[in-house]
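Protein chains in written order, with the numbering used here: chain X, 1 to 99; chain R, 1 to 250.
The hints are simulated quantities; they were obtained by calculation from the structure and are not laboratory data. These figures come from a predicted structure and were not determined experimentally. Incorrect hints may have been included.
What the hints assert, rightly or not - Stretch-level coverage of chain R by chain X, calculated; a stretch enters the list once three of its residues show a Cβ under 8 Å from a Cβ in chain X:
1. 104-115
2. 131-141
3. 239-248
As the list claims (entries may be wrong) - Okay, derived cross-link-like pairs now, DMTMM-like style, lysine to aspartate or glutamate, Cα gap no bigger than 25 Å in a straight line:
4. 240(R) - 12(X)
5. 207(R) - 170(R)
6. 68(X) - 159(R)
7. 204(R) - 170(R)
8. 4(R) - 22(R)
9. 157(R) - 193(R)
10. 140(R) - 246(R)
11. 188(R) - 246(R)
12. 163(R) - 232(R)
13. 7(R) - 199(R)
14. 68(X) - 199(R)
15. 239(R) - 40(X)
16. 188(R) - 65(X)
17. 247(R) - 225(R)
18. 68(X) - 40(X)
19. 239(R) - 51(R)
20. 16(X) - 210(R)
21. 16(X) - 78(R)
22. 157(R) - 96(R)
23. 68(X) - 158(R)
24. 119(R) - 210(R)
25. 119(R) - 91(R)
26. 240(R) - 199(R)
27. 240(R) - 141(R)
28. 240(R) - 158(R)
29. 188(R) - 78(R)
30. 163(R) - 65(X)
31. 240(R) - 215(R)
32. 247(R) - 193(R)
33. 203(R) - 141(R)
34. 188(R) - 40(X)
35. 157(R) - 7(X)
36. 68(X) - 12(X)
37. 108(R) - 193(R)
38. 140(R) - 158(R)
39. 188(R) - 7(X)
Beta carbons are placed, not taken as given, at the ideal position from N, Cα and C, and that holds for glycine.
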Amino acid sequence: MCTSILEIVQTDGMGKGGEGWIDLTHAVVSYDHPHHALFDDAITIDFVNRALAPGSRIALEISLEAAKALAGALQRAIAQADHAGRGGYAATATATMVR
Amino acid sequence: MAYKPHKGMTTDTIMIAGHNGEQISAYVARPAGNGPFPGVVLLHHIPGWDEFYFETTRRFAHHGYAAICPNLFHRAGEGMSDDIAAKVRAEGGIADAQAMGDAAGAVKWIRAQSHVNGKVAMFGSCSAGRQTFMYACQHKDIDCAVELWGGRVVMAKEEINPKMPVAPIDMTAGLSCPLLGLFGNDDKAPTPEQVNQHEAELKKHGKNYEFHRYDGAGHGFFYYDRPMYRTEQAIDGWKKVWAFLEKHIG
């Protein structure tokens with residue numbers, strides 16, 4: 001597969017890769033050939049700082065199923081964080097622990 | 001030019017003038033001896049200017065061709081090919097116009113070599129299969145083109161963007177040389193239906209082409225270092241490549 005599936009978002013925070021911790025500017029998500037994971041196609045995620053050298057990145061190559069599970073986990077965690085921001089942290093945390 | 005292994009060869013990394021005259025790196029390999037040899041320009045795939053393409057460049061030299069593989073990702077900097085590819089991806093890919101300019105620079109360079117016989121082919125897979133077809137439609141300075149599973153030759157309207165402003169299939173009328181296409185029937189980009197559209201357009205314009213489609217293979221079935229490699233289909237596909245080159249530039 002040779003796709004045009006590419007999503008780029010600005011990202012605030014830090015990530016740790018082979019060159020230590022770096023400030024992040026963007027997250028890049030694609031579905032295309034992985035370089036290392038032994039799949040025909042993979043969801044690739046790169047956390048990058050565009051001002052730094054190409055090797056300064058935090059890279060993931062994961063299966064589509066793993067990506068779906070990760071997206072679900074992110075959505076659940078974000079929903080709980082939003083809920084906590086409205087004063088509901090304790091109840092949400094309990095629900096998560098029961099899960 | 002019947003197959004006769006050229007066991008001696010020289011290789012190098014050089015600088016050439018690419019798009020807008022900008023200097024870009026290129027990997028070159030040529031058989032030992034004075035030749036003259038047919039020339040091949042290899043455009044690398046979206047995973048980058050990588051080991052597979054260096055080895056494939058040498059493979060062409062082994063088969064008696066003078067080969068050059070320009071680094072289409074040169075402007076992204078230096079480093080491991082996967083990191084460079086990621087950098088290019090983070091910038092939304094490279095523009096078609098830039099790739100065409102770099103490819104034209106490689107064609108000009110190889111045509112200028114005294115050991116080249118004046119015949120030049122272009123070869124590319126994946127994103128570069130698309131670029132190879134596009135180049136053959138836009139330029140008249142190559143003698144044949146080998147397109148391996150070029151994705152996005154057929155493009156949906158939403159895939160058109162400033163870096164890729166025209167779908168290559170809409171350039172078909174300009175195709176100026178014989179075209180060889182190899183495709184896997186399990187591929188999802190290009191799908192068999194998209195290959196049908198590609199072929200129908202070639203027929204409509206009366207172009208000189210041959211397509212070969214393989215069952216049991218998807219995308220990238222030549223990539224021996226990836227799970228998508230398919231032994232029988234790749235061996236047959238390479239036979240098709242050598243026969244096609246022999247016919248048109250041998």
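Status of the hints after comparison with the structure:
no.	hint	verdict
1	104-115	violated (count 0)
2	131-141	violated (count 0)
3	239-248	violated (count 0)
4	240(R) - 12(X)	violated, 50 Å
5	207(R) - 170(R)	holds, 14 Å
6	68(X) - 159(R)	holds, 24 Å
7	204(R) - 170(R)	holds, 12 Å
8	4(R) - 22(R)	violated, 37 Å
9	157(R) - 193(R)	holds, 17 Å
10	140(R) - 246(R)	holds, 20 Å
11	188(R) - 246(R)	violated, 31 Å
12	163(R) - 232(R)	violated, 37 Å
13	7(R) - 199(R)	violated, 38 Å
14	68(X) - 199(R)	violated, 36 Å
15	239(R) - 40(X)	holds, 24 Å
16	188(R) - 65(X)	holds, 18 Å
17	247(R) - 225(R)	violated, 30 Å
18	68(X) - 40(X)	holds, 17 Å
19	239(R) - 51(R)	holds, 22 Å
20	16(X) - 210(R)	violated, 49 Å
21	16(X) - 78(R)	holds, 21 Å
22	157(R) - 96(R)	holds, 16 Å
23	68(X) - 158(R)	holds, 24 Å
24	119(R) - 210(R)	holds, 20 Å
25	119(R) - 91(R)	violated, 36 Å
26	240(R) - 199(R)	holds, 18 Å
27	240(R) - 141(R)	holds, 23 Å
28	240(R) - 158(R)	violated, 34 Å
29	188(R) - 78(R)	violated, 32 Å
30	163(R) - 65(X)	violated, 31 Å
31	240(R) - 215(R)	holds, 16 Å
32	247(R) - 193(R)	violated, 29 Å
33	203(R) - 141(R)	holds, 22 Å
34	188(R) - 40(X)	holds, 11 Å
35	157(R) - 7(X)	holds, 17 Å
36	68(X) - 12(X)	holds, 23 Å
37	108(R) - 193(R)	violated, 35 Å
38	140(R) - 158(R)	violated, 30 Å
39	188(R) - 7(X)	holds, 19 Å
When held up to the earlier numbered hints, the structure conflicts with 1, 2, 3, 4, 8, 11, 12, 13, 14, 17, 20, 25, 28, 29, 30, 32, 37, 38 and fits the remainder.
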